[in-house]
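Trainee: Read off the chains here:
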Amino acid sequence: MGEFKVHRVRFFDYMPAAIRAMAFNAHTERLALGRMDGSVEIFNFADHYFQEKVIPGKDSRSIEALCWVGGRLFSAGLNGEVTEYDLESLRPKYSLEAYGGPIWTITSNSQGAHLAIGCEDGTVKLFEVLEESIQFERNLDRQKGRILSISWHPSGAQIAAGMMDMIRVFDVPTGRAVQRLLVDRGFGGSKSRETVVWSVVFLSDFTIISGDSAGKVQVWDGHTGTLVKTHLVTKWDVLALSVSKDESSVVAGTSEGTVIQFQFIAPTLQQQDKEWVRTRTFKNHTHDVRALAEIETAIVSGGMDTQLVVRPLLEKFDERSHASALRKIHFPHRNLVFCAKKAGLLLFQFPGQLELWRLGESDGHGKPGDSLPLKRKPEKLLHLKRKGEDHICCSALSSCGGWLAYSTMSSVRLYRLQTDNNDISITKVPKLPKVLRSAHQLCFSSDSSKLFAASSQSSVLVIALSQSECKYVHTLKPKSGSRQPIHLMTNSVDGKWLSTANSDCEIHVYNVQKLKLHCIVPVYGSCPSAMGIHPTTNNLTMVHADQQIFEYSIVEKQYTDWSRKLQKQGLHNLWLDRDTPVTHVTFNPKNPEQILLHDMHMFCIIDQSLPLPDQKTQFYNQMTLRSLSEQGRPSHLHAFKICKTFQDLLSVSLLDDQSLVMVERPLLAITSQLPAPVRQKKFAT
Amino acid sequence: MATLNEGFTLCGLVQTPSASDSAIQGIELDGDSDHAVVTDSTRSVTLYKVSDQKPLGSWTVKQGQLLTCPAVFNFQTKEYVVVSDNKVIRVWKDEDLSLDKAFKATVSADVWRVHSAPGGEPVVLFQRGAVRLLDSLLSAPQQPIEDILSEEEVIRWSTNIVAEKQHFVLFMTEQKGEHFLYAQRFNPNTLQKYRLEGEDSGAPPLSFSASLRDKHINLLYLYPNGCVYQSVVAVRGPVGLEGVQDLPRSLRLRLPVGEGELGAASAVALDEAHVAVVGMPHPSARTGKDFLCIWNTNFQTLQAGREMVGRIHGQVWCYLGKLFVPHGKALSVIPYECQKCSLASALGKLRCAGIAVSTSSVAVPSWNTLLHGDQPQGPTKIVDTRKSKLRRKGQSAPALTVDQVLELIKTGPVEEVQREVEALVSRGDAQDLQLSVGRLACHLVARSQVETAFYAPGALAQLVQTQCLCHSVCPDLLLLALEHKDYFLCQLCLQLFPDIPEVVTCACLKTFISVPDGDVEMVSLEPDSVFMEGLLAAGARGGQQNGFSPPLFEEDSCDPHHQPKPPQHQDKKNPTLQLEVCPVGLHKAVLLNAVLQTPYSDNLLLPHLKDLNTQQVILFLQYLQFVYLKYPQDVYTQTAGLRSPTMTQIIDWVCLLLDAHFMVLVMAPDAKGLLSSLQSFVKSQLKLFSELGQIEGSLQQLHKMKPSKDISQYSIEVIELF
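Respectively, the protein sequence lines represent chains A and B. Heads up, the first sequence is in the working numbering, so the first residue is 1 and it goes up one at a time. Heads up, the second sequence is in the working numbering, so the first residue is 1 and it goes up one at a time.
I should point out that these hints are in silico values taken from the structure, not numbers from a laboratory. All the given hints hold, so there is nothing to weed out.
Short, incomplete list of chain B residues facing chain A, as computed with Cβ under 8 Å:
#1 Q713
#2 Y714
#3 V718
#4 I719
#5 E720
#6 L721
#7 F722
For glycine and all other residues, C-beta sits at the position ideal for the given N, C-alpha and C.
Please work from the sequences and hints to get the whole structure.
Mentor: Rendered as structure tokens:
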């Protein structure tokens with residue numbers, strides 16, 4: 001097959017933000033995730049936990065809590081505002097000042113008619129959910145001390161609110177506080193410190209469960225206001241609680257990174273009386289578990305260590321499948337790295353800045369496995385800080401390295417880059433067309449004469465670029481009338497075709513020369529996670545979140561024979577069992593048979609000329625092939641050539657000089673940048 | 001030995017109107033090791049190239065303005081910083097021509113000093129005790145500056161030290177006759193306050209000097225009565241200790257001050273053992289206090305001295321092997337060298353660590369020795385028991401003063417002298433003892449030398465056991481003890497004196513070897529000879545224990561050409577047993593061990609070793625070989641606290657003896673067996689080491705096979721896919 005020179009890049013200091021809040025919408029099976037930097041991510045749990053949408057953050061926005069009302073998503077934060085998000089244009093729809101100081105929590109009642117927020121000034125404020133907005137209704141009795149957590153009774157008649165050193169139960173119709181549950185302080189030195197009730201859960205049988213900073217999970221009787229049971233689970237804080245839909249199980253997240261499950265069961269067999277019993281402890285985090293959700297079959301947790309963990313509850317599964325496997329989501333399911341193939345430049349996208357690097361050089365040759373001596377070290381050419389307080393949501397670098405563009409929620413900026421020898425000059429292109437206000441995706445045509453910007457309602461703006469000016473040309477609109485944002489966009493090398501994919505799983509192919517829609521690829525049930533147009537055959541290769549691969553001939557408007565063969569024979573189980581989506585598809589212009597793909601844990605070259613593996617074939621066969629003689633190999637070859645030498649991959653691209661660029665971000669490097677976890681006494685320390 | 005090299009004049013000094021003030025405020029280092037930044041007491045800063053004795057640049061503030069702190073060099077930004085009129089901080093670069101055009105910032109409080117050290121950011125210390133990093137201060141010059149010090153407290157001295165990335169500012173303050181040391185640490189910022197023990201006279205210290213050693217800050221300060229004290233502040237300070245702590249001090253040096261007290265003098269630590277003092281009289285010169293001297297604090301000896309012409313202002317700076325001393329009308333630069341004297345370097349080689357520590361602090365009583373008893377060995381015990389006995393006795397008879405005892409020594413009978421000395425030693429507190437013990441010992445020895453009948457072994461032993469004596473104080477003591485065959489005293493001296501000259505060591509050795517065993521067995525010796533008893537007991541058991549055979553013979557068995565020949569003068573019938581029997585008696589062995597453990601320097605010892613005759617050498621070698629052979633097998637389990645020679649000491653002595661007498665030994669028929677067995681030792685050692693060398697090679701191969709995981713940020717690699 002061949003040797004590749006690989007630029008192994010580890011200088012992209014990508015650092016995901018810590019997870020602060022999450023809310024699961026059981027109806028749509030979407031998980032909304034709020035991070036410390038104010039960004040919100042939507043994961044589709046029905047579609048292999050695919051990260052469907054990302055709403056970029058903003059400096060002034062903070063998210064303390066998230067809440068779904070039907071299909072609408074609300075957040076509240078310490079900036080004192082309640083925000084509703086527009087999930088189609090991926091931006092806040094409106095923000096409403098609550099006038100109660102920082103907001104610690106937001107929850108809706110089960111009817112979806114009201115929102116309750118807990119404020120720093122001690123008020124619980126009720127908002128009525130209207131068709132297009134929300135409206136302040138009234139305050140419940142104001143208390144001394146902040147309201148940190150709120151839970152509605154499923155009937156909507158009462159609210160339990162966690163405060164400092166106590167829990168208050170409010171009667172919603174009258175607004176009166178009807179119960180005061182005093183929460184004990186911690187032991188020893190922490191006696192003098194107030195106990196913070198970080199989380200409460202109000203069950204339909206009027207049981208209140210609370211988690212507090214003294215490390216206790218307590219069960220209360222909400223009618224009488226009496227303490228039923230105390231579980232001391234940690235020396236540190238219990239930060240989050242989540243109850244299952246049938247109210248038979250509650251999970252608690254702690255500062256130690258553990259998630260502890262409590263179940264409502266009879267403590268001994270044959271006994272009728274049930275009580276809350278601590279059952280299981282999961283430890284998948286190293287730091288605070290700040291956000292939790294117990295869904296039908298799994299416990300979802302996230303926190304300071306930035307990873308999203310889906311821990312399946314194995315008793316809910318009959319057999320082992322990919323759904324019953326522990327899943328950790330570290331990296332976004334979209335590209336943050338862009339490579340100028342001709343110029344050998346790399347663009348790294350951070351929320352606050354862009355970095356442009358020139359790859360190093362080596363003139364040596366070496367055996368496979370060798371590291372070559374460096375003739376020139378990689379060099380950081382540019383550090384471009386964004387303007388304004390909106391975070392960067394997408395960026396692009398032209399393949400010649402002459403253009404650079406990025407977009408935030410409020411503006412698009414385009415720059416002209418000029419490199420001669422070692423000097424780089426950057427000039428901002430003034431006066432962009434007015435229609436170009438923001439973009440979900442940006443991409444340059446391969447000859448750098450056009451800029452495509454994915455705009456609202458799945459439309460694409462075509463901008464013509466020249467040395468002197470840039471001019472709006474046309475808006476490409478899908479026929480389907482989908483309002484969903486485009487999350488993938490790619491164009492062909494010959495400049496004729498542009499293809500887009502949106503969250504409705506629709507893939508449109510446009511003819512850029514004629515500026516009209518060419519065809520729609522048949523809609524497949526899983527969202528495409530990567531796609532690319534072949535440079536010579538103009539076949540569109542798509543990989544979906546469920547790991548299926550399709551190849552569609554744009555010219556003939558039908559699936560290719562290879563794709564049909566692949567679907568008929570089916571993909572290998574080991575391929576389907578992978579738990580990270582393919583995030584990049586590219587091709588080898590020198591060898592049209594080859595398709596290059598990668599996910600977080602592997603890099604793969606599909607050789608279409610070779611036979612497809614069936615279920616009996618050894619799928620990961622590189623080691624075997626290496627050990628075989630030249631003559632013995634052909635009988636063992638199959639189309640999927642998988643290399644796992646490189647781990648924690650963020651990007652793989654093939655430069656024009658046939659060398660590969662692998663951008664790795666070792667998880668260890670991310671971990672090492674996290675703050676120190678809470679101190680735990682280990683054995684004999 | 002420390003030496004003062006030929007000095008030169010760096011620059012002339014203008015005479016200041018008042019005679020007491022110096023014309024120089026400060027001398028600081030530049031980024032270049034050959035540069036010195038000299039700030040005079042009025043208006044100008046001059047940069048000198050020291051080796052060329054010429055100025056490279058000079059900057060002056062306007063008439064009417066005054067520099068109030070020495071200019072320092074900011075090693076991070078390569079700029080100079082000075083303060084004028086207490087509040088104006090000026091920053092300028094090498095190439096700037098005028099100070100007036102330099103960057104200026106006026107701060108809101110009076111500045112005491114700006115400090116800078118390589119590896120750290122410059123720090124500004126305000127007169128009221130607040131400390132700021134220069135950068136943060138310059139970014140907001142008018143920031144409010146808090147008062148740390150109380151109303152009447154004034155800063156007398158300050159410095160900064162960078163240790164282990166930890167930045168320190170130390171400053172000494174005076175308040176109503178009391179002195180305090182403040183240690184300000186950065187990151188995290190903590191301020192620790194210490195109280196200095198006051199001197200009896202109540203006089204303030206004349207000078208301070210701080211240096212960093214072994215993760216501790218050593219503070220040296222000189223009092224007008226000539227006492228140089230040292231205090232130690234840990235770099236990793238006691239976190240969370242509030243309030244004022246007492247700073248314990250120890251006396252390092254008591255300088256002879258002549259008549260009156262020192263006026264303008266200054267002491268600066270050169271290394272762990274040497275202190276440069278300026279402005280004190282030379283002990284051997286008649287008059288004048290204008291000397292620059294280097295003292296060794298370990299041995300309390302004057303190492304070098306030089307008279308400085310003209311007034312000395314009690315200022316001395318020490319940078320990179322050069323002393324800067326302003327005197328008269330000139331600023332002199334005097335290069336110095338402090339070599340570790342052979343004795344000192346041998347200290348590390350011969351004393352095991354624990355003992356070395358305690359002996360080096362012989363001069364000064366420390367809490368450690370009092371509370372924890374660093375010397376678990378006999379002497380202290382003996383002193384204790386005798387002390388208590390004497391206390392009982394002492395109640396009846398009134399005790400005599402030191403001078404009275406000295407008088408008594410000149411004429412009194414042995415018994416009375418003995419009694420009074422013991423009484424004195426047991427009652428005197430440590431510091432008085434320090435001073436009187438030397439005089440007592442000298443007088444005792446002097447009388448014994450004159451009057452052969454007079455010899456007071458008990459009194460001398462008592463004095464030696466105070467650990468306040470050393471050989472230099474009373475050089476004739478050990479020889480006198482040898483003369484009188486007082487082996488107990490010899491052993492004590494060998495154990496406790498850190499500074500016995502090699503010639504005396506050799507004399508002891510010679511006497512010990514040649515003394516008949518019978519003579520020694522009578523003598524009662526220091527009882528800590530468990531080591532030797534262990535060896536001898538093992539020897540007596542004899543034969544092969546549990547299949548053991550000495551490595552020597554194991555080695556020989558695989559060498560067919562070599563027949564082990566036992567030493568000829570010993571019993572020829574039983575060669576194996578030969579080696580198991582100690583060639584000398586127990587007490588003799590104990591004495592020899594004491595010799596083995598004394599400090600020495602190879603070069604100085606070698607000529608004196610040649611004085612031994614062949615028989616002595618052979619016997620000593622046999623003894624050494626015996627100890628060497630027995631040592632590893634039987635004694636290694638014993639605690640290190642025992643006074644036993646180390647393996648290295650034994651081997652070193654074997655080598656030295658062979659070096660000194662090799663020709664003679666080769667010729668002597670008696671030594672043939674001994675030499676050949678020693679040679680087979682060496683062979684076996686060589687073989688062992690070559691084996692180890694081979695293992696090292698394979699270990700390195702293992703390392704190579706497992707290349708360290710690539711952790712670099714970027715690499716270009718080649719992969720192959722099939």
